[in-house]
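Undergrad: Note that the protein sequences, when read in sequence, are chains D and A.
First residue of the first sequence? That's 115 in our numbering, and the numbers climb one at a time after it.
First residue of the second sequence? That's 276 in our numbering, and the numbers climb one at a time after it.
If you are wondering where the hints come from, they were derived from the structure by calculation, not from laboratory data.
Accuracy of the hints is not assured; some may be wrong.
Unchecked claim - Calculated lysine to any residue pairs in the SDA-like style (CA-CA distance at most 25 Å, straight line):
id : chain 1 : residue 1 : chain 2 : residue 2
1  : D       : LYS204    : A       : GLU876
2  : D       : LYS239    : D       : VAL307
3  : D       : LYS239    : A       : ALA492
4  : A       : LYS679    : A       : THR603
5  : A       : LYS751    : A       : PRO767
6  : D       : LYS239    : A       : ILE491
7  : D       : LYS239    : D       : THR314
8  : D       : LYS181    : D       : THR314
9  : A       : LYS287    : A       : LEU649
10 : D       : LYS204    : A       : MET883
11 : A       : LYS751    : A       : PRO771
12 : D       : LYS239    : A       : PHE484
13 : D       : LYS204    : D       : ILE264
14 : A       : LYS287    : A       : ARG671
15 : D       : LYS204    : D       : LEU130
16 : D       : LYS239    : A       : ARG483
17 : D       : LYS239    : A       : GLY493
18 : D       : LYS181    : A       : GLY493
19 : A       : LYS751    : A       : PHE602
20 : D       : LYS204    : A       : TRP874
21 : D       : LYS204    : A       : LEU873
22 : D       : LYS204    : D       : PRO131
23 : D       : LYS239    : A       : MET480
24 : D       : LYS239    : A       : TRP479
25 : D       : LYS204    : A       : VAL885
26 : D       : LYS204    : D       : LEU215
27 : D       : LYS239    : A       : GLY485
What the hints assert, rightly or not - The calculated label-pair distances, taken between Cβ atoms and stated as ranges, are:
id : chain 1 : residue 1 : chain 2 : residue 2 : range
28 : A       : SER317    : D       : VAL309    : 52 to 60 Å
29 : A       : GLU793    : D       : VAL309    : 56 to 64 Å
30 : A       : PRO772    : D       : VAL216    : 44 to 52 Å
31 : D       : ALA208    : A       : LYS751    : 58 to 66 Å
32 : A       : THR539    : D       : VAL223    : 47 to 55 Å
33 : A       : ASP637    : D       : GLN169    : 19 to 27 Å
Built from N, CA and C at the ideal position, the CB exists for glycine as well.
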Amino acid sequence: MSLVADDVRLYRGEALPVGSKGRLSSGWWGMLTVIATEAALFAYLLFSYFYVAAQATGRWPPHGPPKLGLAAAGTVLLVLGSATMWWGEKGIRAGRRGPLLVGLVSSIVLAVGFLVLEVIEWSGKDFSLASDAYGSLYYTVTGFHMLHVIVGALMLAMLAVWTALGYFGARRHSTISIAVLYWHFVTVVWIAVFVTFYVTPYLQR
Amino acid sequence: MLTSVDHKTIGKRYLVTAFLFLLIGGLEAAVMRAQLAQPDQSLLTPEQYNQLFTMHGVTMIFLYALPILSGFSNFLWPLLLGSRDMAFPRLNAFSYWVFLFSGLFLYVSFPLGKAPDAGWFNYVPYASLPFNPGINIDVYALGMVLLGVSTTVGSINFVVSLIRTRAPGMSINRVPILVWGTLTASAGNLLAVPAVSLAFLMLWMDRRFGSHFFDIAGGGQPLLWQHLFWMFGHPWVYAIVLPAMGIVSDALPVFCRRPLVGYTAVALATVTTMVLGFGVWVHHMFATGLPPVSLSFFSAASFIIVIPSAVAVFAWLATIWTGRPQFTTPFLFFAGFIVVFVIGGLSGFMTAAVPVDTQLTDTYFIVAHLHYVLIGINVLPVAGGIHYWFPKLTGRLMSERLGKWSFWIMFIGFNVGFFPMHIVGLLGMPRRVYTYPDGLGWGALNLVITAGAYLFAAGVLLFAFNIVRSLRHGEKAGPNPWDAPSLEWAVPSPPPPYNFAVIPSVASRYPLWEDRLEGHEGSSTIGEGMLLDDGRETVGTSALDAIPDVILRMPGDSPAPLILAMALAALFGGMLVHSWWLSGFAAVAAVMAMTVWLWPEAALGQTMDVVDEPRG
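Excised from the complex, chain D in its bound form (with noise of 0.2 Å):
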């Protein structure tokens, strides 16, 4: 018997788990490379917002740092749907599904408000996609993360359909685990976008 094999059994104590385990589970390290390579895409986003703006010749944003109030609420939601789903996975951990459904459906609400005030916001704006390169910029900045939070949306939902349909609990719950990874990210993902959008204007002041 050779060495390695020894090893392994001897570092296997007791047996394998099998099949989809959290962190041992492909799709946790499946969402970490995907998370990376969004990363990557909103970097290349934000550089190009930097790099317009550095070059820009006029004044800088051109129609004014835009208003905090609705942006702010919006991120204030953001946080409290990532604070939702830590809790409800924190629930399904320890093998209740309540609080997981409970988790599923506010983050799923506060999503939604958070999308229905990007609309109001939206459409309260004198520029466009069109008008100039600030308003290419902030409409795809910010329409690409509405996309993201629309599929994290769906996802949940998807999550609620199988969380009633009893498939989750304390052995198994890697499904939920990944897409609250998701989650998460779509979060931080926003609040580099708000800074970005909202913060920075005012500091050059």
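Based on these hints, arrange chain A on the given structure of chain D.
TA: Same frame as chain D, now just chain A:
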């Protein structure tokens, strides 16, 4: 058949499809060389020539160079790593289908004479709507975003497969260099591809929705295109050469009858090349009027990146020097690769100097350089790699006699065809001109170039003929015809669907040479180990030391990847022709396909219904 998720099937599909694209791209080059063989020719109109050189570049760089390496890696990775499949078999199938559809997408307007025509790097404002109003650039823009999906999910699969599915004991310092190369390329792609996908999306929006990202009148920046493109483009160059260098690092030593000299140095050089590769993109933009401090920084970085490449070159030379070379066809291709790589590396080193580059940019010197690099580091190792792994792919050996002929014809044809391009470039011939006037002294050299290019093409065709002939008439190969050291040679040729009947345990870098190497670390076990015969299973191991920590359940064949890929292609087709109904319908279909795909399954151990919780 269409629902297969077996990495070997998918790998072969990648190889065949990419090789067909190589032949198409070569045909386009052959037509261009006929046009350029003499001054003032009129075989092609300028419009046709623009489309040909653009599609030639797009085809070779995007539809051949990476996909062929993905083919090798898909087929080989689980065999090299002692596993039963990639980490995400269905994603693997999806990646192939999207690649195929994006290839067709990029060619959809070619028969109409409306193919992309602004060069593969597609600079604005030339590619912007006012100067290029047809559908040509829209096809390129959307096709590239679609292809980016394939590249991204493929890269995710490689990264996670490396982290999770190595055989027990195959610690990170024991994986073959090909694995290092593909891993590095994949990690690079994850960070680089979003730049080009974003750039092309922005360009499409500028063209069709009136946004102003690249349009100076609206406050946009034309140079933003160049930055985003080359932030992607330069890492991409390394993505399409590092796995090919890995092929050489793994296969060349087999024909030198010794392990690779400097494994650790070569593995680290691979990673270092990619890291530095993210800091040299501006050397494509030396002539754009950037500030001198920026030019100095990127020029210095471009000099430094030569060092890791040189490390690999000296490792290969030392392997040959201290080994007992067998002059087989694969050896010839790998040795020829080293020669061509050094020449291409030198011309790259020259253009890293800002004053030299300012003189040579957009001349044939650059065309010579990039073909030395891409044909040298990609096509020659790929040809050698196909010879080397053909028995594993098909169970038969390729003809050595035809193989040697094809190598010498390709090698001589290549150098006759491409070396004089350095000279016409130095004489001032610009790239991408559809013809040139008599009296400039470029005619004779261009005739030589065309003759060499056709000789090279003849070599490629002989190589293709050898493949087709050997499929039926090749000598039958046993499991290990080359007496090679790595795990793929421990299984029958071609391998059974499950790869390994039992999961092997690995104790060194060269599991099949352990009884011959002095001072080897332990002994691997291949015939005995974990049986894992309860459905489709493979073992998951820890990221660095490959200690088993879970038994992974693998999915079976599924139509979902193909359906999702078709939905995605329809989505982009709708965007191309502004049929928002089609796009909307396709988006809904895509969401449904994904829902079915991701539906938790007890058989995969994703739900509480799973029955066989812990066992031995």
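Undergrad: Next, verify each hint and record whether it holds.
TA: Status of the hints after comparison with the structure:
A C-alpha spacing of about 22 Å is found between LYS204 (chain D) and GLU876 (chain A), which places the hinted pair at or below 25 Å, so the restraint holds. About 17 Å separates the Cα atoms of LYS239 (chain D) and VAL307 (chain D), which keeps this hinted pair within 25 Å; it holds. A C-alpha spacing of about 21 Å is found between LYS239 (chain D) and ALA492 (chain A), which places the hinted pair at or below 25 Å, so the restraint holds. Between LYS679 (chain A) and THR603 (chain A) the alpha-carbon distance is near 8 Å, which keeps this suggested pair within the 25 Å criterion.
Annotation: proposed proximity of LYS751 (chain A) to PRO767 (chain A) holds, straight-line Cα distance about 12 Å (limit 25 Å). Of the pairs offered as hints, the one joining LYS239 (chain D) and ILE491 (chain A) holds, with about 23 Å between alpha carbons and a cut-off of 25 Å not exceeded. Taking the CA atoms of LYS239 (chain D) and THR314 (chain D), the gap is about 19 Å. The hint holds against a cut of 25 Å. With a CA separation close to 12 Å, the supplied pair LYS181 (chain D) and THR314 (chain D) stays within the 25 Å bound.
For the suggested pair LYS287 (chain A) and LEU649 (chain A), the alpha carbons sit about 22 Å apart, so the restraint of at most 25 Å is met. Restraint check for LYS204 (chain D) and MET883 (chain A): satisfied, since their Cα atoms lie roughly 17 Å apart, inside the 25 Å limit. Distance restraint check for LYS751 (chain A) and PRO771 (chain A): the Cα-Cα separation of roughly 16 Å lies within the 25 Å cut-off, and the hinted pair is therefore satisfied. Distance check on the hinted pair: LYS239 (chain D) and PHE484 (chain A) sit about 18 Å apart at the alpha-carbon level, within 25 Å; holds.
A C-alpha spacing of about 24 Å is found between LYS204 (chain D) and ILE264 (chain D), which places the hinted pair at or below 25 Å, so the restraint holds. Between the alpha carbons of LYS287 (chain A) and ARG671 (chain A) the distance comes to roughly 15 Å, so the proposed pair stays at or under 25 Å and holds. With a CA separation close to 24 Å, the supplied pair LYS204 (chain D) and LEU130 (chain D) stays within the 25 Å bound. Taking the CA atoms of LYS239 (chain D) and ARG483 (chain A), the gap is near 22 Å; set against the 25 Å cutoff, the hint holds.
Annotation: proposed proximity of LYS239 (chain D) to GLY493 (chain A) holds, straight-line Cα distance about 18 Å (limit 25 Å). Using a Cα cut-off of 25 Å, the hinted pair LYS181 (chain D) and GLY493 (chain A) holds, with the two alpha carbons roughly 23 Å apart. In summary, the hint linking LYS751 (chain A) to PHE602 (chain A) is supported, as the alpha carbons are separated by about 21 Å, within the 25 Å threshold. Distance restraint check for LYS204 (chain D) and TRP874 (chain A): the Cα-Cα separation of roughly 22 Å lies within the 25 Å cut-off, and the hinted pair is therefore satisfied.
At roughly 22 Å between alpha-carbon atoms, LYS204 (chain D) and LEU873 (chain A) fall within 25 Å of each other, so this suggested pair holds. Only pairs whose Cα atoms come within 25 Å are accepted, and LYS204 (chain D) paired with PRO131 (chain D) is accepted, the gap being roughly 21 Å. Simply put, LYS239 (chain D) and MET480 (chain A) have alpha-carbon atoms about 20 Å apart, close enough for the 25 Å limit, and the pair holds. For a cut-off of 25 Å, the pair hint linking LYS239 (chain D) to TRP479 (chain A) stands: about 23 Å separates their Cα positions.
Restraint check: the Cα-Cα separation between LYS204 (chain D) and VAL885 (chain A) comes to about 21 Å, which is no more than 25 Å; the hinted pair holds. The suggested pairing of LYS204 (chain D) with LEU215 (chain D) holds, with an alpha-carbon distance near 12 Å, which does not exceed 25 Å. Annotation: proposed proximity of LYS239 (chain D) to GLY485 (chain A) holds, straight-line Cα distance about 17 Å (limit 25 Å). With their beta carbons about 58 Å apart, SER317 (chain A) and VAL309 (chain D) fall inside the hinted range of 52 to 60 Å.
Distance hint check: the CB atoms of GLU793 (chain A) and VAL309 (chain D) are about 59 Å apart, consistent with the given range 56 to 64 Å. About 45 Å separates the C-beta atoms of PRO772 (chain A) and VAL216 (chain D), a value consistent with the hinted range of 44 to 52 Å. At about 60 Å, the CB distance of ALA208 (chain D) to LYS751 (chain A) agrees with the hint of 58 to 66 Å. The hinted window of 47 to 55 Å between THR539 (chain A) and VAL223 (chain D) holds, with their beta carbons roughly 54 Å apart.
Between ASP637 (chain A) and GLN169 (chain D) the C-beta distance comes to about 24 Å, which sits within the given range of 19 to 27 Å.
Hint violations for this structure: none, all hints satisfied.
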